[in-house]
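Trainee: Each chain is listed here by its residues.
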Amino acid sequence: MFACLVLKSGVAPQSCDSLCAFAVAFSPRIEQIAADAVLLDIEGLEHLFGSPHSLAETVAVRAAENGLPLQIAIASTSNAALYAARGFPGITVIEPGDEARTLSALPLTLLSTPPEMQQTLSLWGLRTFGDFAALPVSGIAERFGTEGIHLHRAARGEPGQALLPLLPDPEFEVAQELDYPLELLEPLSFILGSLINRLCAGLQARGKAVGRLHLQLKLDSILSTEAAEKSYDNISLLFERSISLPVPLIDTSALLKLLRLDLEAHPPQAPILAVRLRAEPAPPRVTQNDLFQPAAPEPARLEVCLARITKLVGAGNVGSPELIDTHRPDAVDVRPFRIADGKRLVRNFVKKLFRRAGTVATNADGSALLACRIFRPPVRTDVECSAGRPATVRIRMERRKVVSCAGPWLTSGDWWTADPWQREEWDVELASQREAKWTDGMPNAFARQRFAGSPGTLYRIYRELQTKVWYVDAAYD
Amino acid sequence: MTDTSDGSFAMQYIELHTRSAFSFLRGASLPEELAGYCAELGMPALALLDRDGLSGAPRFHQAAQKHGLRAHIGAEITLQDGSVLPLLVENRIGYQNLCRLITDIKLRSPKYPKASDATSSALRVPTAASYDALAAYSEGLVALTGGSNGPLAYGLEQGFEEARETAKRLAHIFGVHNLYAELQRHSRRDQEAQNQAVVAIAERLSLPLLATNGVCYAQPAERQILDVFTCIRNKVRLNTAGRLLCRNSERHLKPAAEIARLFTDFPQAVSNTVDLSSRLEFTLADLGYQFPDYPVPPGEDMNSFLRGRTLEGARARYGEAACDESSRPRRQIERELALIAHLKLAGYFLIVWDIVRYCREQGILVQGRGSAANSAVCYSLGITAVDPVGMELLFERFLSEERGEWPDIDLDLPSGDRRERVIQYVYERYGQRGAAMTANVITYRGRSAAREIGKVLGFDEPAVARLAGLVRTWEWRDPQDTPERQFHEAGLDLNDLSDPRIRTFYELYLAVQDLPRHLGQHSGGMVMCRGRLDSIVPLEPASMPGRVVVQWDKDDCADMGLIKVDLLGLGMMAVLEDSITLIRESYGEEVNLAHLPPDDPAVYSALQQADTIGLFQVESRAQQSCLPRLCPKTFYDIVVQVGIIRPGPIVGNMVHPYLKRRQGKEPVTYPHPALEAVLRRTLGVPLFQEQLLRVAMIASGFSGGEAEELRRAFTHKRSEKRMREIEVRLRRGMESNGIAGQPQDEIVQAITSFAEYGFPESHAASFALIAYASAYLKCHYLAAFTAALLNNQPMGFYHPATIIKDAQRHGLHFRPVDVTRSDWLCTIEKDGAGCCSVRLGMLYIKGLRETTARAILRARAERPFEHIDDLACRVPELHKDELLRLAEAGALNSVGSLPCGTLSKNDEQILRSAQDCRTFMHRRKALWQAESATRPAGPLFEPSLAADPDCPLLPMNYPERMEADLRGTGVTLGKHAVAMRRAELDREGVTRASDLRHVRNGAFVKIAGNVIVRQRPGTAKGFVFLSLEDETGVANAIITPGVFDHYRVMLVDEPFLIIEGVLQNLENVISVKAARLSPLSSLSDSNLATDSHDFH
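Respectively, the protein sequence lines represent chains E and U.
According to our numbering, numbering within the first sequence proceeds without interruption in unit steps and concludes at 587.
According to our numbering, numbering within the second sequence proceeds without interruption in unit steps and concludes at 1134.
These aren't lab readings, by the way, just hints derived from the structure by calculation.
C-beta: ideal position from N, C-alpha, C; glycine also.
Hints may be right or wrong, so weigh each one.
What the hints assert, rightly or not - Residues from chain U shown here face chain E by an in silico Cβ test under 7 Å; the list is partial:
{"no.": "1", "residue": "Gly280"}
{"no.": "2", "residue": "Ser486"}
{"no.": "3", "residue": "Arg489"}
{"no.": "4", "residue": "Pro990"}
{"no.": "5", "residue": "Gln1102"}
Stated by the list, open to error - Okay, the calculated beta carbon distance ranges per label pair:
{"no.": "6", "chain 1": "U", "residue 1": "Thr302", "chain 2": "E", "residue 2": "Asp587", "range": "23 to 29 Å"}
{"no.": "7", "chain 1": "E", "residue 1": "Arg237", "chain 2": "U", "residue 2": "Lys671", "range": "56 to 62 Å"}
{"no.": "8", "chain 1": "U", "residue 1": "Glu545", "chain 2": "E", "residue 2": "Glu494", "range": "22 to 28 Å"}
{"no.": "9", "chain 1": "E", "residue 1": "Arg237", "chain 2": "U", "residue 2": "Ala899", "range": "51 to 57 Å"}
{"no.": "10", "chain 1": "U", "residue 1": "Asp638", "chain 2": "E", "residue 2": "Met227", "range": "32 to 38 Å"}
As the list claims (entries may be wrong) - If you want the footprint, here are the derived chain U segments under chain E, 3+ residues with CB under 8 Å:
{"no.": "11", "region": "284 to 290"}
{"no.": "12", "region": "966 to 972"}
Work out the full structure: start from the sequences and follow the hints.
Mentor: This is how it looks when you write it as structure tokens:
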């Protein structure tokens, strides 16, 4: 015997989620046959709930208590239970042998037919299960094949496919309460190590790896002095971190290192009372290395390495640089680092960047003539113009005369956006000048040294036409 | 160098490398804008070099003439390596070579290359010239080395030596003095290296330098349009187009001073532009076009041959009157022949006569229309069917000495294959490169422009649909309909600063209006040439196989003096021809359209009652509302009827005065007694263009040619200055003839407001002939006419379903599509009593291909189909969905029921007449069997296939059959859908359409029906006209703008409506002025509605 529970139409999606949990309270063998329908094998439940009617009523009462608006049907076949539950309101109990007659009044639109077949049945003038069921099975087989036969059986309420019971997903979660609050990372590492070992053993037993790792720390309400001084309100009693892995990992030491690095970068603000680790399982990574290519670094080690770098330079600053396809100079994006083409990517990027930025001027025959050093970020400056051309440029706090200049080189774009840009570049040769001490503007010693230049140096300057601000962009060697 | 006002010397510069929007998505300004701005900059000349074509050249030439510029012609030619070589025309030989070069590369490539072609030859550009082709056509051309996509730039990518070799090769082809090293400066750093290389190569090869700006738009702001076009061309969005877009906005027309400043280091490059410009002597005024001669027998010249053919024809048309030299027809013919001989146009008339003769020999119906109907020579030659002498038409409207223009003869032919045969005859006669269709420049307008711009700006699909929806296709525009309001109604804020794309969309949408998108094919204009047409204008392949088009559109051809013959497809001509064939086959009668009884009472009765569904030109709602008032009694009344419902008479407020005078409610008066002769036939109201020309001739003393010049001055290309000049001449002439004061003002007002929109009388007369013929055939041979009408859909004003219902109301019987009886087209069947009925053809089965239907006919001709499996087996072309469509529409019901072909013709007819006695399978049984027949049984079971005698399915009921009919064929032969709800409608007090004539004027009525026409004409000030069809006929409703606003959604969406309002029955014109509307709910949700024709 089967029972089918179907949520009434228009019910909120969260109720769909709780339907299985509700059904499993009555029978261990359930199958979710649709988002809003669950089939229960109720064989033997009469000892617990009495007759099918009693069972159905009990289910209905409890459903009402749980706020689940259900249509319930009980029948000797899964098909009959399913379609009766879908088609009839309230409770329907079908006596064995009465399935076809009971279902015959249901509209044919309830039958799960492919759209093309639905259209054909409609053209045939069939409106109900009974109309369809009355057709000779040989005729249906001839026209729709096995699929037609299955649907024909379903319309007659005859047994369908065997129930595929829903098995609960194992939870990969480990936790440990601590005897006393921990304040240091070192002792916590031991506990984390042991928990990760247990977690990975469970995953490994089921042929899984860690796809994402969630750490939850319960913190002591007695705050450290330093934390208390900062802000009491901002500190929660639960501290949570999640680590996304580029590839599923089962390497315990790597996972521990990643966790440690993350905690070092984001330390909890109070002593720890309990630790909980949960893994989102994922199929382990299977790779076949190329016979003639050097093996790439282990993903686990690479991830640890990247995490270390991220800790140093900050999130968002680690990855593969990629030039954006635009005329806007220096438009660069950082994409997640990909191991396969890392070296080539960097090489190509540098080549493209140099070409795009015009860092190498060439002769007519293409041979290199000049190279230039680009300042990143560009240095803001003042330029005085005469007849629309730069006349003087302020370099190292001193204004220097422009001996000759070429330009303007004009670029503009993004005119359709709220952020259009326009830029006017000039190549200027400045008059000779004694070495002067740099006082402001340069970002670091390296740039200062490079920017100093020699007498008569060529510079590249530009003006953002939106803001009218001038910058020194580069110095030619 | 020229001396400027401040005493300094300014360098002169001429832009010799400009692309216009006629480079199709590679340029952003029209040639007129470029020429206008060039003139503003004070440049004496400009060269237009569109990509692989000369489509913009005529407009450029005309605009340049207007501004006093010299228009240099040239083109950018795509080479096989993908680079682009700019070529300038030096002399006529060069122009001819350029035309041939472009023709060669265009005709070598398919119009729409397949994707596989592109991948297989990735390196070869499909439409591209080889160096050999350049060498063959180099004479008279000057080449430039090009800008960043020129051959030199491409060579430089491979290295300096490669570029030098390319330059050497070009110098070898064109000669050192005809190859200029082109320098462009667009404020791009990378361009400088290229320029240095070009200068170095030029020095080594002694090539002259030439500064150009590679112009793509007139003014910097138009760079945005070019960016949008680039995206459309590359099928990308602005956000993802990256470096495909322009780097800056420097490719605009620049003044000489700015160019001189840019090229201070190469002043000779600037001065060379002036030198080169002075070398380029060719303009389009020197085209060298000649119309082909007509071959005449020895001893005759074209004039004498034409005279002979004309007089032969005149005797047939006018009888002995044509022999009498003093008779009016003969005098007119002699006058025309003298003018034709004087203008050397005999060849043209003979060529048109030759086409008409070919049509007659082939049995293809042909009739000239337009201004040619004013010519007695055309009438005598059989080109036109209207007697211009009898109708006193104005010959000068067709041809005049003053105008110096070629005459324009339009030939109406049956649309479809027959017209194509005539077109192919012209190609055969004058050679593939001696004749071609004129082009039609497709421009950015309406929803397609909105969609493309919306996509390019990155709007998602729903937003693009909303934006495109803002472009109203309704002819009438509400004055309150500001863009702000339209955008607001669509949920978009034009002033939303957070999303500037909406404002940008609006601005771009306006900016691209009327810019060319691609070249299409004109519906029927053909140009011919003595010698090779590809020496006059480049030719391109049309998308239709076997056709070639010139790169100029109809107007450009006319402006450039190319003679055009319009071979226009007219659906009604095909209907008339098909009707005649059907009458011959079914009625055994021969109908000659030239000899129809001229005063058939049935025809005039039908016209007077506005019973005109399916008739030519007089079937529209507006015509129907005018017919009872005009009450035609003679052929000339039909001419007036055809000409009166036109924008000219409507806008000029001529309709009501004419109708009132006709009904005797207003006295017939004339602006001046001298005009009585001209306006008498139209009761003192000018209705036709010819009348206005005559008025000008009589009142102001204009000659015929001057009057025609007046008409042209007021056409769509009107010039204010020219109009004022002509008005002054008009008034001066009238004053000298003693017409002054109010009459003068009235006449001037009539002429100026009417000349543009007025309909030519000759044209109306030609159409009236066809309208009369269609009415005659409908009245006397309804079955044949209806079958022919149904076979030539879509055409006219009404859906086939309405035509069928109308014919049924006239007593015609129809029989459904039947694979055992039907042909592809609708046919006529006779019953035992000799009554004709129309058998619907298989072309009405939606989704059935003609090839499949023909295969069914072939298989049927061998032996009848025993059952549906037999049909499916013997017609392998038949797809499953086609078989199911046939079954659903009831076309398989009689399969296996009648042993077609095995009986004698008589027996078959007897059986057909007694078909009700036969056993038919019902549609569901056919569907049941068809479903089984289309499943592959496998070789093992195939021999045992046979019809399953039992079907468990119930037959369809009536509404189901009707729904299946409409779904499967779009028409139903049974009752009207509204008839099924008549009892319910009677209870609600709804009046039938046919009963409205018995309701008194001013009564409040309810009408209901299927909406078959929705109209909102531009001349009706926002009023909407609706036609509702029920089982008894068509009822008309008028919706005021206020009611329309209130019920807008219902009016647009609901297929069945109930309309309540006051009945207006004025002079037998019946309509209901709607006050309230509601959906006919019991039918609205059904699928029983037929499609309506909306928004004409």
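Trainee: Double-check Gly280(U) for me: the hint is only fine if its C-beta lies closer than 7 Å to a C-beta in chain E.
Mentor: 3 Å, holds
Trainee: With respect to the beta-carbon atoms only, verify the hint that Thr302(U) and Asp587(E) lie 23 to 29 Å apart.
Mentor: 28 Å Cβ-Cβ, so the 23 to 29 Å window holds.
Trainee: Holds or violated: is there a CB of chain E closer than 7 Å to the CB of Gln1102(U)?
Mentor: 45 Å, violated
Trainee: Has the region 284 to 290 of chain U got at least three residues whose CB is nearer than 8 Å to a CB belonging to chain E?
Mentor: holds (count 4)
Trainee: So, Arg489(U) near chain E? Judge it on the closest CB pair being under 7 Å.
Mentor: The hint is violated - Arg489(U) has no Cβ within 7 Å of chain E, the shortest such distance being about 17 Å.
Trainee: Double-check Pro990(U) for me: the hint is only fine if its C-beta lies closer than 7 Å to a C-beta in chain E.
Mentor: OK, holds: Pro990(U) within 7 Å of chain E, min 5 Å.
Trainee: Should the hint that Asp638(U) and Met227(E) are 32 to 38 Å apart at their CB atoms be regarded as holding?
Mentor: This hint is violated: roughly 57 Å between Cβ atoms.
Trainee: So the hint says 56 to 62 Å: do the beta-carbon atoms of Arg237(E) and Lys671(U) match that?
Mentor: Distance hint for Arg237(E), Lys671(U) holds at roughly 59 Å.
Trainee: Does the Cβ-Cβ separation between Arg237(E) and Ala899(U) fall within 51 to 57 Å?
Mentor: 41 Å, violated
Trainee: Mind taking a look at whether chain E covers the region 966 to 972 of chain U? Criterion is 3 or more residues with CB to CB distance under 8 Å.
Mentor: holds (count 3)
Trainee: With a cut-off of 7 Å, does the beta carbon of Ser486(U) approach a beta carbon of chain E closely enough for the hint to hold?
Mentor: 20 Å, violated
Trainee: Is 22 to 28 Å respected by the C-beta to C-beta distance linking Glu545(U) and Glu494(E)?
Mentor: 37 Å, violated
The structure is inconsistent with the numbered hints 2, 3, 5, 8, 9, 10, although it conforms to all the rest.
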